[in-house]
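Peer 1: Once you've looked at the hints, dock chain Z against the given chain C.
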Amino acid sequence: MTGPTTSSVPRPFRSRTLRERQGVAAGLVVGVLTAAVAWAASHVLFEVGNWGTDRVTAVTMVAWFVGFNAGVGTWNPPLEWLLGSTPGPDVVTLEVGVGRGRYRYLRFCTDHKVVGMQYLGLAVVLLGVGGVGAVLIRTQLLSPHSTFLGPTAYGDVVTLHGLCMVIGVLLLLIGPFASYVLPLILGARTVALPRLNAMGVWIMASAAACLVSTVVIGGADVGWTTYAPLADQASPAMTALALALVGLVACVVISGINTVATVVTLRARGMSARRMPVMAWGAFIAAGLAVATMAGLLLVMTLVLADRTMGTTFFVAPQGGSGELYEIAFWTMGQPLLYVLLIPPMAAVLEMAGSFARRPVFNARLVVWCFVAIAGISLLTLGHHLYTTGLSPALSGSSLVLTELFALPVGVVVLCVLGTVWRGSIWARLPLYFVYLFLWDIVIGGLSGALLGIPTADRDLHGGMVVTAHLHYMMVGVVLVGAAGGLVYWFPKFTGRMFEERTGRVGFWLIAVGIQVTFLAQFWAGAQGMPRRVAWYEPAFRTANQVSTVGAYVLTLGWVVLLWAGVWSARHGRPAPADPWRAESLEWRVPSPPPLRNFPVGPVLAPVDEDTGVDGGTSRLGVPESAAAATAPERGGPV
Amino acid sequence: MALLTGPDRADPLDDGVTPERRRQITLLSVWLLVAFDGVLTALTVGTWFYLRAADVQGMWRGLHCSPARPCTTAGGSPLPGPVPTAGLSHLAGVVVGAVLLGSLAWWSERSARSGASAPVVARRAAAATVVAVGTLGLVGVAYSGLVFNRFDGAYATAYWYVLVSCALHLGVIAVVLAGLTNRIRVGGDVPDGTSVRAVRILVVWTSVAVTILCLVASVGG
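Just so you know, the protein sequences line up as chains C and Z, in that order.
Reminder that position 368 of the first sequence reads as 368 in the working numbering, one-by-one numbering, no gaps.
Reminder that position 69 of the second sequence reads as 69 in the working numbering, one-by-one numbering, no gaps.
Hints in this document: simulated from the structure, not taken from any laboratory.
One or more hints might be untrue.
Per the computed footprint, the stretches of chain C lying under chain Z, defined by three or more beta-carbons under 8 Å from a beta-carbon of chain Z, are [what the hints assert, rightly or not]:
#1 75-88
#2 290-296
#3 514-522
Sample of chain Z residues facing chain C (criterion: CB under 10 Å; computed from the structure) [what the hints assert, rightly or not]:
#4 Pro12
#5 Asp14
#6 Leu33
#7 Gly46
#8 Tyr50
#9 Gly58
#10 Arg61
#11 Leu180
#12 Asn182
#13 Ile184
#14 Val186
#15 Gly187
#16 Ser218
Glycine residues also receive a C-beta, built at the ideal position from the N, C-alpha and C atoms.
The shape of chain C in the complex, shown without the other chains (with noise of 0.2 Å):
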């Protein structure tokens, strides 16, 4: 249903040329005009004003969704099987991308390390709209009262800034980790649902479009947790923000369950759940948490929707609707999303760590199960953003117990990552600079976090800019370096090419004294008492401000000059041989990029010897699995 086959086809389901001609071009093609076909419809069918100019955005937005992915191909699998259809020979060919070249990322494809780098493409795109957003956020803030923006627009940066920072995020998760470094990890010769991982990302494209688009038409002033009854209120904007927040989660979910399927079903031969890296446990983890909890996301997502288009009541509050239900169900999601987001740069960060101090990672079994707490612990804890709106006193305490439960597994895992590295034989290359500027910012956005978990404080503080700075040292001190420094780490295996290190150096510092300067001095703002969201503010936080957008300068500089030197090494790196690191783990076994089934056969792991209980590793890798099924266990049970 989901896999290529070479069975026979009952039924063509098109013409070869058709398929052929669908890409990102006849995506734009159809999505535009069917867009504008609906746009023009609906004004016909609902009257503008009240639900109507909502209803005319939300028929335009689905007509560009559906219109979009049909140009590009993304209906192709669920129609074929509706239709009773199997794709032939030719179609998987087609599909894999076999001789199409570049133009492959550019078309629906199948490849998992072509959907990857798509992803990455998408992702890249989201955080430059978001940096830009942040450029414009700090800018506005240079001056207390500063007309640079206005509050309007400011409110509208400061929604499209965090949307598209946290989404793009997740998507750099999603996709050079999870769909293309994974399986690589894994021993795979494919994901396990490459079809279904292929129309995810395209179902995210179109998305983004939505979600982007958001400046063109009017903006929507409600923050990147989009609160009710804000979010009931704003403009049309809105409405396609709640679309591109829908599509995120069919995004979301596919990738998550593409991920558990490929970790259960298709690790190589002899790779038990003991022996698997901490990278696939991580992925593992953080997509069966999205999988259980973006739910909350699409739930409040269609009430949003329902109530702006359909006139019903959830969040009005006059009518019986509550903008504190809003806040739960959000909360359901949300607080496992931070988790979803930090566990693949924590797992990756460690492999880091290994590899640079040539020794295994400190206690892998136990930070295991520190990602399992984490993730345990996060579907408990959205308490702690509930204490302003009225939450029982008498819950305070529960919500302060799990709260500063986080740091018990979160700080065994910053140990390993230590205990990883302490007195190894360290080789300083650039992807370990970024593990100790994870380890020093985890500590600082950390234990902020667990000052923030205090009742008494959290009351205080909550609406003011300490939150920003705890906010934003976890995502981008810690999630966004800990993923940056997986890139550089894997960017070999990516491209052919090694990393020019010299000019990621200087991004590296810029960085590392942009996230400080940027982030202490918004902590000191927030310690003056300065709220968050504001475009203007009193003068006594001037000074703070000034310091804080200076960092944001050079913060942004170094991921320019870091993005800047990825491109270059792309085009002129030196090649990368197969185990440029000298790393153990089973991507480093295969060409350097991979071919398109990854490994010549399923790799096997030789077993661990049970007298010295020295792990055979992958020194019999690429042993037909035929000839080595009878020396080599089988895998083991429930992962």
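Peer 2: Structure of chain Z alone, referenced to chain C:
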């Protein structure tokens, strides 16, 4: 720019995934999808009970409306009195339809696994499709028979949402069942039966979800 994946040396048709492994992948994926929808359904039920318990400004079903203090619609028009509870008969019909649907799907899968011929399985899948469409129609009848509008306060809004949720579940399942019937008819699936089993899991879950939602909207009102 350097190519980001290597040369196309491997056989593109050989992804190394055995049919048994593919079957595991399909079933695991369906279970994960059901888990996701289960959480979504639970949150929908939670929304219902939250609004009911919060009873913001006495607007749950307009219980506190009176001739002296009339309830109003979102547009400000006065309502004659408390919003009445929706009738139970149609929802009871939806529940019966959902149970019948789940049973039919289960029966179809059992017959496929016990080696029934493709036309037999296809006929049973087609019957399930008809039941799904019929149950969807009952949801439509229940909606058209409402004595209030979706914007008449929290109860009306929540009730409408439950009906829409049931309709979406049944609509998706009707399409999937029609597709399955077609696949069996053209010889796509009976030999390994994976699709039949996967669809059965989805249909049975949908029956459970629709039943829960209807019970909440009637008994839990």
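Peer 1: None of the hints should be skipped; say for each whether it holds.
Peer 2: Hint-by-hint comparison with the structure:
no., hint, in the structure
1, 75-88, "holds (count 6)"
2, 290-296, "holds (count 6)"
3, 514-522, "violated (count 0)"
4, Pro12, "holds (5 Å)"
5, Asp14, "holds (7 Å)"
6, Leu33, "holds (7 Å)"
7, Gly46, "holds (8 Å)"
8, Tyr50, "holds (5 Å)"
9, Gly58, "holds (8 Å)"
10, Arg61, "holds (9 Å)"
11, Leu180, "holds (9 Å)"
12, Asn182, "holds (5 Å)"
13, Ile184, "holds (8 Å)"
14, Val186, "holds (4 Å)"
15, Gly187, "holds (6 Å)"
16, Ser218, "violated (19 Å)"
Of the numbered hints stated above, those contradicted by the structure are hints 3, 16, listed in ascending order.
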